[in-house]
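We have chain A; now place chain B onto it with these hints.
2 protein chains.
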Amino acid sequence: MSQRIGTTSWSGWGDPGHSRKLSPEMLALVRQALGLRDGAPVAPTLDELELPASRLSATALARLEEVVGARHVATGRRDRLEHLRGKSTPDLLRLRRRDLSDAPDAVVCPGSHAEVLELLAACAQQRTIVVPFGGGTSVVGGLAPRRNRGQAAIALDLRRMDRLLALDRRSRLATFEPGLRGPEAEARLRRHGYTLGHFPQSFEFASLGGFAATRSSGQASAGYGRFDERVVALRVATPQGSLELGQAPKSAAGPDLRQLFLGSEGTLGVITAITLELSPAPAERRYEGWSLPDFAAGSELVRQLAQDGPRPTVVRLSDEAETALDPARAGAPGGGAGAGGGCLLITGWEGTREQVRSRSREARRLLEAAGAEPAAGAGEQWLDGRFAAPYLRDALLDAGALVETLETACFWSSLPGVYADVRRAVVNSLSEQGTPAVVLCHISHVYRSGASLYFTVACAQADDPVAQWRRAKAAASDAIVAAGATITHHHGVGSDHRDWYHRQLGPLGTALLRAVKRQLDPAGILNPGVLV
Amino acid sequence: MSQRIGTTSWSGWGDPGHSRKLSPEMLALVRQALGLRDGAPVAPTLDELELPASRLSATALARLEEVVGARHVATGRRDRLEHLRGKSTPDLLRLRRRDLSDAPDAVVCPGSHAEVLELLAACAQQRTIVVPFGGGTSVVGGLAPRRNRGQAAIALDLRRMDRLLALDRRSRLATFEPGLRGPEAEARLRRHGYTLGHFPQSFEFASLGGFAATRSSGQASAGYGRFDERVVALRVATPQGSLELGQAPKSAAGPDLRQLFLGSEGTLGVITAITLELSPAPAERRYEGWSLPDFAAGSELVRQLAQDGPRPTVVRLSDEAETALDPARAGAPGGGAGAGGGCLLITGWEGTREQVRSRSREARRLLEAAGAEPAAGAGEQWLDGRFAAPYLRDALLDAGALVETLETACFWSSLPGVYADVRRAVVNSLSEQGTPAVVLCHISHVYRSGASLYFTVACAQADDPVAQWRRAKAAASDAIVAAGATITHHHGVGSDHRDWYHRQLGPLGTALLRAVKRQLDPAGILNPGVLV
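These protein sequence lines are chains A and B, in that order. So that you can map any letter, position 72 of the first sequence is 72 in this note's numbering, and since no number is skipped, the others follow by simple counting. Counting the second sequence from 1 gives a position; this note's numbering is that position plus 1000.
To give an idea of the chain B side of the interface with chain A (calculated C-beta under 7 angstroms), a few residues: (1) Arg1172; (2) Leu1173; (3) Gln1247; (4) Pro1255; (5) Leu1260; (6) Cys1410; (7) Phe1411; (8) Ser1413; (9) Ser1449; (10) Gly1450; (11) Gly1484; (12) Ala1485; (13) His1490; (14) Ala1515; (15) Gln1519; (16) Leu1531.
Simulated from the structure, these hints should not be mistaken for lab results. Computed from a prediction, not measured in an experiment: that's the story for all the values here. Beta carbons are placed, not taken as given, at the ideal position from N, Cα and C, and that holds for glycine.
Next comes chain A alone, as it looks inside the complex (with noise of 0.2 angstroms):
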């Protein structure tokens, strides 16, 4: 039985070998900003971990292991602790403070549509929970169910579900098993010319069938899309059976069914199949870095280009405070747009070779009359380090920092009142707790009638940072929710937003959830406590 079911690291982000080390002076710098103290647990190795024993009957993992094999059944320490919760920091903290009491009994890797199917009425059966898990970079607590006393739970892993199922080029359609990578689905897409244009900063290892299923939007989206938008049919296994979902571009039939799995987390069914646009894969890319006079001028400025174009594919304007302090550019001389202070914007455009000289023209012309002036490099360096961030939080848990992130989207209307009133709950949440928060925020995803925020936090961490950080949060979605606006923009529900989800929701709307959860996962093992 159980043969090791490999993954990316267990106790940090993403790939092992390309985590960062702060130098002595960034190290002596940020202790001294935020007056880190030495002692902060740094992550376990394997060896020193107990897990607890697994839950899960023998009758019970025996008929796991009927269904899809007995080799794509694994219940050894490391399979688990991969398995354990998302990559949040409360998750990574508690890892560090050895708490592993969400991990899971088994990680079982179905391989079909038919499998699935078959564990979910067999865990049905068993009252095991199912948490459903791609790339397991869940940020908001959507990967820990919750379980009565001495329930059993799996992580259902849909790695061998990686196949391109179709491609249909007259259409520019592709249809995908969910369990591909963002890598490796693109890698599949541009030899034939495409791409999905979608590329959150979990891309590297993240899911398709997770992009789906927490509504996921990359950085490329003012161009792309968000990866929901692309979605044209899914197919999805319930404990009650089968769904087809999607026929045509656009329908008037109905209630689009499509939108309750869009945004689901594990919590309504396994999407075992997804159809999803293509755009051409684009012939040029140009990213550009600008120096703006300060973060409001800056806002009506993305603002025009999100409502009359030209539109950029990239759009990134990072408030004053990031721009002077933005982690992923920490190694940069200076930092930020330059000695004059100011707002970075980084655009990016890509299409045809013509699309991208005319845009990146016409938008140049914008804002240069808007007094923009180039931060020569600053484009690139960004596009360089889109992805780095998360490697550098590890490094600073391990210097005793706590690092967070959080989001929000509204509309532009309210887009200055929100950014200060969350950003004032934070600071003061951290002031109060007598560990005074560094916040920065910058826009990252624009639309024609609003636009997304997001926050980056950094105060040293306190005796017990978990609840720290919870204070903190809770200060930022009370704010979010009293602003009007929603309560994630892009990192889902999962179990840490569900109070302040379900308040946007009302009454009625969080009954009626519960009503599709009932019909359709009516033992409640669909990663219990998560949205619902």
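Okay, now just chain B, sitting in the frame of chain A:
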């Protein structure tokens, strides 16, 4: 009690002042071509009609009057007839056969969200059926509820709820009540420099709430998108309470519950406020006609325009038959795209002067390279007649013709097959019934991955033309489902498409929809028989 609540024609399409007559020459031509027989029943006059007695008890009626005020409840003959069914050809044929069995027992006009909520609660208690009523332009049986013997039904006419509740210029959003008709909404927005860009054939009479509840798509969808894509937020009144959905341009907060109410066709609740994205009113509009060799070549061309641009604001490609005999252009000398046959393509361009100029010029190069020839005047002619076709239907029905439309959408790769299969199914069904048909088709909504197909069918009325059409329509719907296309691209499901809709949803999808319905409308009073 009961002052009259005026509306558009109760016995045919639209504004009675705009009704069209066939010229004697045209009439002779149509009679000969379709083999029409004399003696088809014409539309009745008001005086000859006897309505079934109201099934609302005095107590029930008094309760409704209590909620909205007596002067907003109408029970007169004309009011009830004005809310009898919708505007499909079978609806008109039933009226011509003096079948008044679906008439509501009263027409109730609430003035606010609170009144709608209270009405729904009262009706749930009384078990009175509620049919939410906007413009009354349904062509899919969306306004004739299935009732139990003796059960009362009211039309909930939303015309009094016609306010612009909020305008947010910075975010380019407007919040409307649902009862506003298309032209009035446009007029109010144009004053501020905006448009919704939503011009379905029902534009002049249909309401914003109806557009949302049926996932309407307008003639300019290639440029402005579909109506449902503009909906950012919704307020809904249900028998179980209120919902407020939508806080941001986009969100990753779970399943998108707005998508349950878009397309809900009055079965899950009543939309009482809609927040919509606005577009700048175009400074320039240009419409052009092109003659293309054939429908296959034309489809390839519009696919290119849809996928790689320049994407027109309006795209309408008629097949050979429609080009030769376009009902909207029946009076034009020579008809169609010219003596040479081929296919007529309409391209419309809206935007700034520079956008219209550069895009239409680029498209011209592509079109000419593909062998397209300008069809002088065809663009303007289409624009003039864009809302007129349904008026012609009344005249054709009088002459003994059966004229109806049906539509679907599919991916580009399956479009030739769907076109051929649906056409064949309709032609065969009507031939077998002894009434050979003329079948016309056009593509009028294009997407990156596919397009809509819109069929117009004309033949002689048989003795029972409702049954005659039911058979032909069933054959077409079977062909649509067999080909994997959607049962409706923009007409909606109503009761006419319900069975095929359920086949496409599958048993679990249908059960899911029923679970949603049960949660929101446990008494089943909202538009029963529609959708579910």
